[in-house]
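Participant: Each chain, letter by letter, is given below.
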Amino acid sequence: MKALRHFLFSPAAVLGLLLLIGIVGLAIFADLLYPRDPLALAGRPLQWPSLGGRFLLGTDASGRDIAAQIAHGARTTLLMGMVSTLIAIAIGIVVGALAGFYGGMTDDALMRMTEAFQTLPNFILLLVLVVVVGSNMTAVTIAIGAVSWPAVARLTRAEFLTLRNREFVQACRTLGLTNRWIIFREVLPNALAPIIVYGSVVMATAILLESALAFLDLSDPNIASWGNLIGQGRKVLRSEWYVSAIPGVAILLTILSVSLVGQGLNDALNPRLRGR
Amino acid sequence: MTASTFTRRQMLASAGAAALLAGLPIGAFAQEPRRGGTVTVHMPQEQRILNPALRASTGVYVIASKIMEPLVDLNEKGELEPMLATSWEGSPDGKTITIKLREGVKWHDGKPFTSADVQYTAMELWKKHLNYGTALHSALEAVDTLDAHTAIFRYNRPMPMDLFMGAAPDLGYIAPKHVYEGTNILDNPANVAPIGTGPFKFAQYERGQYVIAERNPDYWRKGYPYLDKIIWRFITDKAAATAAIEAGQVHMSNYSSLPLADIDRLGKDARFEVSSRGNERQPFQNTIEFNLRRKELADVRVRRAIVHAVDTDFFIENFLYGNGKRAHGPIPSVSTNFYKAGAPDYPFDVKKANALLDEAGFKRGADGTRFSLKMLSPPFGEDIPLWSTFIQQSLQQVGIKVELQRPDAATYLTAVYRDWNYDLSTGWHIYRADPAISTMVWYRSGSPKGTAFTNQWGWEDPKADKMMDDAAFEIDPAKRKAAYPEIVKLLNTELPLWMATERQFISVTSKKLKNHHNNPRWPSSHWADLWIES
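Line by line, the protein sequences give chains G and P.
Sequential numbering of the first sequence, starting at 1, is according to the numbering used here.
Sequential numbering of the second sequence, starting at 1, is according to the numbering used here.
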């Protein structure tokens, strides 16, 4: 309750939350707002946005309604962002927690593996994965999750390293609690705040990665997504810049809202900042 | 779909007419050509080979055809223009072709050009290595050198004179024997530092940056060339190339190498000529390719329905800025020798498409879908993603769901031409003056599995194969001319694939340049008479 109050008192966090609610709302009501298939031919290609016209945000180079693609794309983008973030965080927490809590050989082994992943630029790794497994949305989502976890793992490990020898953990040990209990019920909740905040960064990066893939024409062309729209718009950037700019603004707003909410959560959840 | 009344085609057509009129006075009042100057040309790709006797490709010709020369080129009317050959004659049985060569021509290193060079190039380069050349000259037995300036080509089956000469501007480049003899031809340094007989001498090749050629003072055509120097700059980013042209750093871009939207924009800029003039010889087509191993597509009614469902005119007017027109089969209408109207055609007709699909027994399901197909689209040009998306959108209207895949070029070529792992596919067919050169291979069965741009559709028709073979080696030009429309009739009826559009490459040229694009293959031609205003 206290955390919620703290959250709601931060104007930035509330702004972020409102934006996020708006985007989620757009995603939920996309079918009501734009019942037609967003990828169907809607009219002459490359019509400029116009307030009174048939196409509020204009049409893209394939004659598809940009507004419909933004609404339906919100769905794709949010779902893809959340699922890949969950995948990244799940892998990251497991690896980081094991490495940080047990230390020694386990730590060495897991961290060397993590570093091996980190030495590869994750976009290059993603390109390889997508070329190998194909570029449908499920594969792209899993691939983005699979390249985004190393930073989460290192963060979790660092948190665990600082927490594992604290008095309350030692107290748990003396009480004879199992390692699993200590990791998940005692250490993790205390380590979670920075991970949640970092989760917002992962989600923002995931959305950007998908856009970058689509920009290179490597994302799933059968689904309306903001990245695809930007990739399409690249070819007409000099004359019809709005095709790329509109989804660009949508991505900007989404990432902004996610990070503001993440920051707000950090301020509210972090026990060390509480009551400040 | 009726929102298409606004057409860029009309605008382009009138712009083209204006350009034509503007072009006339140049010839009529003949401004005095200026000698000297440097022209810079945009190159969108780098093939790392500058020998057109080894590789037939526009990316090679656009540089190397200024340095090396073919037996014949084309003049402004599209007729054969003698270059290294001055006259040619076929024997009545079609098996011997006698070529008289130009006298007094010197290679850039000072050695004289003789019939031995022609003999060596034909036997060692064209017949063994040159793409399309290996097929064209498969029956070439020997080239005899009667004297230093007469070469006699001997074939073991008739070689139609019009096929030989029709191919000669592209597939007739001559390389110097004294440079290549006794070396590994494919690794010869002259492949990237060519020695030719042409109006310009090779000067420098900086990988990834530029190629420079300089004026050949000993050129056989006295008084030519006008220019001192040509620089080809490699700029792979299309938008950057547009910027370079607008800034005046680059004078010309050929073969539709700029973004479609920029080409349209520059067309309205008075500083540039944007036109397909001088590109008439190389029309290209957007295809719809079927995999007949798929049971739905094995039914010709389904293939016809698919073509009926795609509004090609709408696509051209609205997606390609009006550049091109609907095709009526594999031979483009600009190929007046071989094109004849009246072959079976499949104009846009959704009602008919639905009726054909119903008749074939593929009823719509509860969600309105009849069946789904997987479509592969290669990354060759900017129009191809648009075309594949348009097909997807069009087929949705008749209840066929299309799942698009856009792999990289190598994956695409393997999937379609070797693994046959596709249902629909799309790409470019480039027509080269005669259907026997690079068109009939799309239909003739028997190409080895994996050969790109050949019939790998699972379609085989012995009657069509025989008709194509007979036409290719028919030595009576009238009979050849009559044979191809019959073949097209059969191919359009059976429809193993469909060539939907016919288009011309577009060149963007600064109006400072004069005497440009004045023959039908000009970007691949010699440029000896090109000059630039100071």
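Do not rely on the hints blindly, as some may be mistaken.
To be verified - Here are some of the chain P residues that sit facing chain G, going by a computed Cβ distance under 10 angstroms:
id: 1; residue: A243
id: 2; residue: A244
id: 3; residue: L260
id: 4; residue: D262
id: 5; residue: R265
id: 6; residue: E317
id: 7; residue: F319
id: 8; residue: S388
id: 9; residue: Q397
id: 10; residue: Q405
Bear in mind the hints are in silico, worked out from the structure with no lab data behind them.
Glycine included, C-beta positions come from ideal geometry on N, C-alpha and C.
Participant: Give me the numbers of the hints this structure contradicts, sorted from smallest to largest.
Facilitator: Structure breaks hint 2 only.
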